[in-house]
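Take the two lone chains and join them into the complex the hints point to.
Protein chains in written order, with the numbering used here: chain A, 1 to 360; chain B, 1 to 619.
Please keep in mind that the hints were generated in silico from the structure rather than gathered at the bench.
Careful, some of the hints might be misleading.
[As the list claims (entries may be wrong)] Just a few of them, taken from the derived set where beta-carbon distance is under 8 Å, the chain A residues facing chain B:
| no. | residue |
| --- | --- |
| 1 | P77 |
| 2 | T84 |
| 3 | F92 |
Glycine residues also receive a C-beta, built at the ideal position from the N, C-alpha and C atoms.
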Amino acid sequence: MLNTQNILIDFKNISKTYGNNLVLDELNLSIKENEFLTLLGPSGCGKTTTLRILGGFEKPDQGQVIFDGKDITSLPPNKRNLNTVFQKYALFTHMTIAENIAFGLKISGKSKTYIDDKIKYALKLVNLDGFEDRQADSLSGGQQQRIAIARAIVNEPKVLLLDEPLGALDLKLRQDMSYELIRLKNELGITFIYVTHDQEEALTMSDTIVVMNQGYIQQMGTPEDIYNEPQNAFVADFIGESNILPAIMIEDKLVEILGARFACVDIGFGKNKPVDVVIRPEDIDLVKPEEGTIQGRVTHLIFKGVHYEMEVMANGYEWLVHSTDMVEVGQEVGIHVDPYDIQIMNKPESEDEEAVGINE
Amino acid sequence: MRNTFRKIYLALILILLYAPIATLIVLSFNSSKTRSKWGGFTGKWYISLFQDTSIMNALYTTLIIAFVSALVATIIGTAASIGINTMQARSRTFFMTVTNIPMLNADIVTGISLMLLFIACRFTLGFSTILLAHITFNIPYVILSVMPKLKQTNKSTYEAALDLGASPVYAFMKVVFPDILPGVLSGFLLAFTMSLDDFIITHFTKGPGVDTLSTKIYSEVRKGIKPEMYALSTLLFVSVLLLMLLINMSPKDTKTAKHKVFNKAMIFGRVIPVSMILIIVSGGIFYHVESGQSGSEQVVVYNWGEYIDPDVIDIFEEETGIHVVYEEFETNEIMYPKIQSGAIAYDVVCPSDYMIQRMIENNLLAKIDFDNVPNIANIDPDYLEQSTSFDPTNEYSVPYCFGTVGILYNKTMVSDPVDSWDILWNEKYNDNILMQDSVRDAFAVALKRNGASLNSTDVSELQKAMNDLIKEKPLVQAYVIDQVRDKMIGNEAALGVIYSGEAIYTQQENPDLEYVIPKEGSNVWIDSWVIPKNAENKENAEAFINFLCRGDIALKNFEYITYSTPNKAARELIEDESIRNSSIAFPTAEDLKDCETYRFLGDDVDSYYNELWNKVKAS
Numbered sequence: 001m002l003n004t005q006n007i008l009i010d011f012k013n014i015s016k017t018y019g020n021n022l023v024l025d026e027l028n029l030s031i032k033e034n035e036f037l038t039l040l041g042p043s044g045c046g047k048t049t050t051l052r053i054l055g056g057f058e059k060p061d062q063g064q065v066i067f068d069g070k071d072i073t074s075l076p077p078n079k080r081n082l083n084t085v086f087q088k089y090a091l092f093t094h095m096t097i098a099e100n101i102a103f104g105l106k107i108s109g110k111s112k113t114y115i116d117d118k119i120k121y122a123l124k125l126v127n128l129d130g131f132e133d134r135q136a137d138s139l140s141g142g143q144q145q146r147i148a149i150a151r152a153i154v155n156e157p158k159v160l161l162l163d164e165p166l167g168a169l170d171l172k173l174r175q176d177m178s179y180e181l182i183r184l185k186n187e188l189g190i191t192f193i194y195v196t197h198d199q200e201e202a203l204t205m206s207d208t209i210v211v212m213n214q215g216y217i218q219q220m221g222t223p224e225d226i227y228n229e230p231q232n233a234f235v236a237d238f239i240g241e242s243n244i245l246p247a248i249m250i251e252d253k254l255v256e257i258l259g260a261r262f263a264c265v266d267i268g269f270g271k272n273k274p275v276d277v278v279i280r281p282e283d284i285d286l287v288k289p290e291e292g293t294i295q296g297r298v299t300h301l302i303f304k305g306v307h308y309e310m311e312v313m314a315n316g317y318e319w320l321v322h323s324t325d326m327v328e329v330g331q332e333v334g335i336h337v338d339p340y341d342i343q344i345m346n347k348p349e350s351e352d353e354e355a356v357g358i359n360e
Numbered sequence: 001m002r003n004t005f006r007k008i009y010l011a012l013i014l015i016l017l018y019a020p021i022a023t024l025i026v027l028s029f030n031s032s033k034t035r036s037k038w039g040g041f042t043g044k045w046y047i048s049l050f051q052d053t054s055i056m057n058a059l060y061t062t063l064i065i066a067f068v069s070a071l072v073a074t075i076i077g078t079a080a081s082i083g084i085n086t087m088q089a090r091s092r093t094f095f096m097t098v099t100n101i102p103m104l105n106a107d108i109v110t111g112i113s114l115m116l117l118f119i120a121c122r123f124t125l126g127f128s129t130i131l132l133a134h135i136t137f138n139i140p141y142v143i144l145s146v147m148p149k150l151k152q153t154n155k156s157t158y159e160a161a162l163d164l165g166a167s168p169v170y171a172f173m174k175v176v177f178p179d180i181l182p183g184v185l186s187g188f189l190l191a192f193t194m195s196l197d198d199f200i201i202t203h204f205t206k207g208p209g210v211d212t213l214s215t216k217i218y219s220e221v222r223k224g225i226k227p228e229m230y231a232l233s234t235l236l237f238v239s240v241l242l243l244m245l246l247i248n249m250s251p252k253d254t255k256t257a258k259h260k261v262f263n264k265a266m267i268f269g270r271v272i273p274v275s276m277i278l279i280i281v282s283g284g285i286f287y288h289v290e291s292g293q294s295g296s297e298q299v300v301v302y303n304w305g306e307y308i309d310p311d312v313i314d315i316f317e318e319e320t321g322i323h324v325v326y327e328e329f330e331t332n333e334i335m336y337p338k339i340q341s342g343a344i345a346y347d348v349v350c351p352s353d354y355m356i357q358r359m360i361e362n363n364l365l366a367k368i369d370f371d372n373v374p375n376i377a378n379i380d381p382d383y384l385e386q387s388t389s390f391d392p393t394n395e396y397s398v399p400y401c402f403g404t405v406g407i408l409y410n411k412t413m414v415s416d417p418v419d420s421w422d423i424l425w426n427e428k429y430n431d432n433i434l435m436q437d438s439v440r441d442a443f444a445v446a447l448k449r450n451g452a453s454l455n456s457t458d459v460s461e462l463q464k465a466m467n468d469l470i471k472e473k474p475l476v477q478a479y480v481i482d483q484v485r486d487k488m489i490g491n492e493a494a495l496g497v498i499y500s501g502e503a504i505y506t507q508q509e510n511p512d513l514e515y516v517i518p519k520e521g522s523n524v525w526i527d528s529w530v531i532p533k534n535a536e537n538k539e540n541a542e543a544f545i546n547f548l549c550r551g552d553i554a555l556k557n558f559e560y561i562t563y564s565t566p567n568k569a570a571r572e573l574i575e576d577e578s579i580r581n582s583s584i585a586f587p588t589a590e591d592l593k594d595c596e597t598y599r600f601l602g603d604d605v606d607s608y609y610n611e612l613w614n615k616v617k618a619s
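Pulled out of the complex, with its shape left as it was, chain B reads as follows (with noise of 0.2 Å):
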């Protein structure tokens, strides 16, 4: 009886813990794309997998890191086991101790304190520094494992080898190599299953256009979930789960020191062959890594997520030989402070117009030469002129992408006219209204309901719109950000706040969908590209912002992204006319008469904005 009880606690805590792996495996075998619904058993997903070439070069980059880091750490923290062993007690307390914070330390903090030291010894971060970050919190381990075979060890045979003639170093390798090998090859393999593992401290230490597969799962995820992703990780999850076996499997081997031809045959039989194909696969990604990075023109781009046609960059490094490193962020707030720190040389980048105006105040942007970029000549004057609100002489910035915020409602489930934010305080439509889950949108709505500045720093405006919109919330639905889109198409909400470029596409999927720009007006974005002032290849970055002003160019990012275009020419090259004349994508000076751009308030204003919409949240 107790028996059972005892398997069934086992048996349940080993569901819990192998519960999700186990989906995620079951999922990467799924033939259909949805979560929810089981299509068949299928092997494609790692097929795709396999044909991604960034995805590959990821994992060519994450075996190279974890091989060499590894091995770097392997030697020296080797060399330091020998060091500390021979110290005396006290001493070698003290650095064990010293060794094992680094292992207990925060992931988080020993991200950021390296990345902070790279920057302040100027390096650049890239592919070294994350294989220096490697190295650092690997040795740890290393030491970890080597250290009770050096105690095991009995330290005359060193001596007895020396007095049988043997030079210290051919002891060493003969005699205390030999017995301590089991721990330095248990301790490279964890080392290696530690760098495998790492996502934080290479998040942190990384730089533009190098990936491990660890980021780029987590830059793949951002985007949105793929099958093959599920497949990725379903491999990453079992080449640990096998390092961790072999890992387990060698120090006991040892212990029985009995069989001792048996272990020997283990090491040679397993271990090295293991090592063996590590270092050839590594050789040969090393190569393909170091093929990948030829040529020494380069522009280093660092954009939003799904912000560009994949092929537009192709084409300009066809048409100019510049390569182009591509680099994703996810809101200007991440985006900020890696620029300000000046660790990462990019040389264009895409920030919206109030973060603008902040890198222009703070000296970050350098001023482009417009020699070099004529293709402005087909950016539309309205748009320049929209831009001066956070670039006053328009000197540091072009625009790529603009949008409005607006209603987006359903014909079918809405009857009175949409034509004023009003109608998401009218009580008929209690429960079907979504509203953004940002302060600066959610307050954009109650201010200019109210004719105030969307901009505005009037306490007592403030406070009004505050009021407002705790009256409104018994009303909404939900406050999401992503969602409204899908809601919206599924029928699930008659009213939603939406932007623009979203707006188009979810009248492609539910044509009951209609988007208006209330009349009190409303929050216009522009995203520009600027170059900042610590870009090593200006020239390449000035080319590259001219490339995409091109009327061709700027219409395919327009196809692929959806948003709007301030490019004259490209909308004059849009074939389908219910696009090219479309008030949404290409809203006309008089919809945009009363809309403003976000601007950055200061700190002081910006924490009482989100103190306003804290109490909001919280009534």
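Okay, chain A solo, but in the shape it has when bound (with noise of 0.2 Å):
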């Protein structure tokens, strides 16, 4: 899967605690050039961590980050070809927008009028043209995110990392950003990494997924993998809604759920095994009672603008449906699962796992 000529950032073996608290326990993960990676998870699963091991604000306990072939793992930030745009913005207040652009050029020796080009062509790229002799904290959160950006990629790093950068805007900015951040990323040919705790987000943008939970790398994919995919029950239900139920795999292609036994396609998990399985909500046929492999009852029913939402109380079990189709609360239904929506995963086997819990 993974295209090892273009490999440009390698995490080897890192490890990292704070305290008695285990952040990083070996982590492995390439990432290739021109990628568009997001790092996913609850807050606390490392996945800033990760990045702050790449920008250099901290040191692993162990391990090794290569960058584009070369160890460095203890060069300072200011010596790393990367940039950084951070959660909070983290604007210079004190220093106009033009100001703020030019930080980093200044810095590098770059001549004046490379300067004024750059910070113009910046200010388009990220639409706020005009916006140089503005102080940075009469900006709105989303202006202010786009100079951000802007003072980052003006210094053409082959990485941008993006620590939660739409965390603290609104809803509707947050997905009219996305999209920007799509454009830039297309416009620029460069490497973002991206840390969200948001999935919708990560599904949106992102080439890889990394799910990260307590340290470990849960699943890395595309965003069809991750979704359709989960290889376990923490990204599951981390991403996206899920019906996650214990199962036995009574042999290749058919597994028994709740007591029903239900066609599936999943092969080699070998005989009356115990295993999880996952549906998907929008993967449940409701149809009449007869027609169904189980029998239950409408308990819950609510219009959420593109389908209905609904439970259905059969054999002991809420399971979650959508469909576009209402069911009348009290209604008796059956219950139809195509046998490829049916995900079975492995009951987790280490404590650590084990510890990954459902109830997020």
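Now the structure itself:
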């Protein structure tokens, strides 16, 4: 799956502890050139620490960071050819916008005309032409974030690190900015490494998503992979809404869920093996009771705009169902799931994985 | 109704708070020298203030110390704040508490502990120790005003600067420092104000010849209040007030972050010019003080206040090229511990008889090399003889001034002959008698009256003296010290126990007054020059003593101090015959037959005297 020829950044066995708190445990991660890679996970999962180690703000307790073939593990931040966009913008409030953007360029000793051109170009890129002489704190949050991005990209870094850059913005602005970021990424043609706890942002923007929890990489793949084929209960639960149920793999392509047998497409789990299954709410078809694999009764109904959200009590479990067709509360229904919509996962084996917990 | 009440209440509080200062300011513009009379508006005290070089020197010293100590404390304090800020919450709280304690600590405790530390480290007390002390007590104020600013700053701006290629130092100077600058500035101003304001700590850590405005005011006021001091105090108050206004203004601006441009203008428009002026002023001043202390040859003199003609010092410096560092003390008891501690290497000191005895006993004095003091021949042998009571071999001291304690009486108010202490027990003069408010002087009167020694350690003699004093008490108008002089001149009392030196002065003011040494005898006191063991310029000290023993110089001092001089040559030079032959100024050996000097009686006897004296006062 990975194209080893274009690998730009390599984390090798990175571990990091704060006090007694293990934040990263032997992390290995390769990042390709020109990739939009998102580190996704709940707070405390180690995603920000990973980013800070790459930025040079933290030193790992062990392991190496390879950047463009060179070991940069102990290189200070100001010597690294990458730039960061911080969560709270971190603009220099006592400087004008132009001074903010010129900060890095002045340090690297660029000429005045070069700097002026770059400022113009960067402001245009972030759609804030003419803001040169404004003060940083006279701007709105979204504008400040764009300036922070402009300030970072004028230095032409090979990699742009973004630490929850949209976290402080409101919903509408967040959505607009995600499209902006995709556009920027395509125009600049550089690697973006993006940290967020928002799965929607991750799914929208990324080429690759790395789902992290408790210092481990839980799953790495394209947004489609992550969404459709979560490899464990944590990923399934964290990405989108899911029905996660204990089940027994009777044999290849046959699984018993809550006493009922469902056809599936998975093989190689062995016989009569306990597993977890993930069924997305939109993959459940409500049919006439006699046509369903199991039968139940609708207990809740909420209109969500695009679809209806329903809960169906069947075989002692409340199934979450999304459907464009409405079924009244109290009605008897049958539940049907197509075999390829059932995702089978191994039960967690190690204690660490157990601790991942479904109840986030 | 309620509002009016509130306003009145507020006005009352303000009046209470500011009435004293208002009085001071008004008096500083009063052309009359007395406090009770308004003589019209004048600025002359301010003018003469700025013409007084010793005050201007104190001002210079104050400004340099305030500026340098505030600057150094700001640098150290800011660095410390940054360090503390990066600590974990727990140690941060701990260190904040630790740095706050010195601010809450009593100044006097800080002052004494610093003095003890300097002495322990063998630092010579002087300009540098004041500076060190001020830096020390200023640091917490800087931390206090920088810390909140540091907490407010977004930590990631520093990281953002590093990220953009800045070195840590560049990132700090360009990004963090501008953010905390208002805090650093107000810390500096606060430190400057605190330094300007400080008296107690300076008082304990200063050495001879160095004065800040506050210690200068203190020592001047001790001698009697001069209107210039009102002017100086007014100026000090006004400058502190201005500084406080400046401090309170700067942090407020930064809170209204929206008017950042305005705020920037404030900093550049006001604070920086003020600092610039301070730098320039202090720079010039530094040069001034430096040049003022030129010359390697010096002698450090420690003397009573107003106890030498200032011209004499000038003449000495001119003739010998030796620079005189002059320091004053108020009482023997204040002088003694300073000599004992060895913190300041005084070269020549002028204690009283009993204190000289104590210093000899405690091995604090050096023997004077009389080969360097040929003018000792001018000293009347009678007084050298008297001196043997405290300096048995005449090796440690050279008499400077002396006097007796006697009765001053008003001839128009006293009809009986005054020749005995008994008259102070005469009920005819009820409420017309003034006694000295000091334990030894009071007991000397009672002991001598009974024919006992004024250094008596005999319990029954002392008990009797106490009972006599209690008996006398209803007749006494007041127990006072300096006011005997003024009250007698003003005909407010008929009889008073007084020092002979003051008696001469009172006679000039009020010819009705007469001074008598009672026939039972009295106290004769002698103040003599001695050289402490740790003197660094012993030969200069001997040259100074020799100079003071010169007839013409001793005469100048006699005319200035008006206390009796033991110098024969000086007496012969006195033109005014009435003074030359005055029995007050120059009592005969016969007059002094039964007079004694005080001796140090030991701590136990001392406290016994005090105990009895307290009983008298309480009766």
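Status of each hint after checking the structure:
Interface hint at P77 of chain A: satisfied, since its Cβ lies 4 Å from the closest Cβ of chain B, which is below the 8 Å cut-off. Proximity of T84 of chain A to chain B holds as hinted, the smallest CB-CB distance being about 5 Å (cut-off 8 Å). Hint on F92 of chain A holds. Least Cβ distance to chain B is approximately 6 Å, under the 8 Å limit.
In summary, this structure violates none of the numbered hints.
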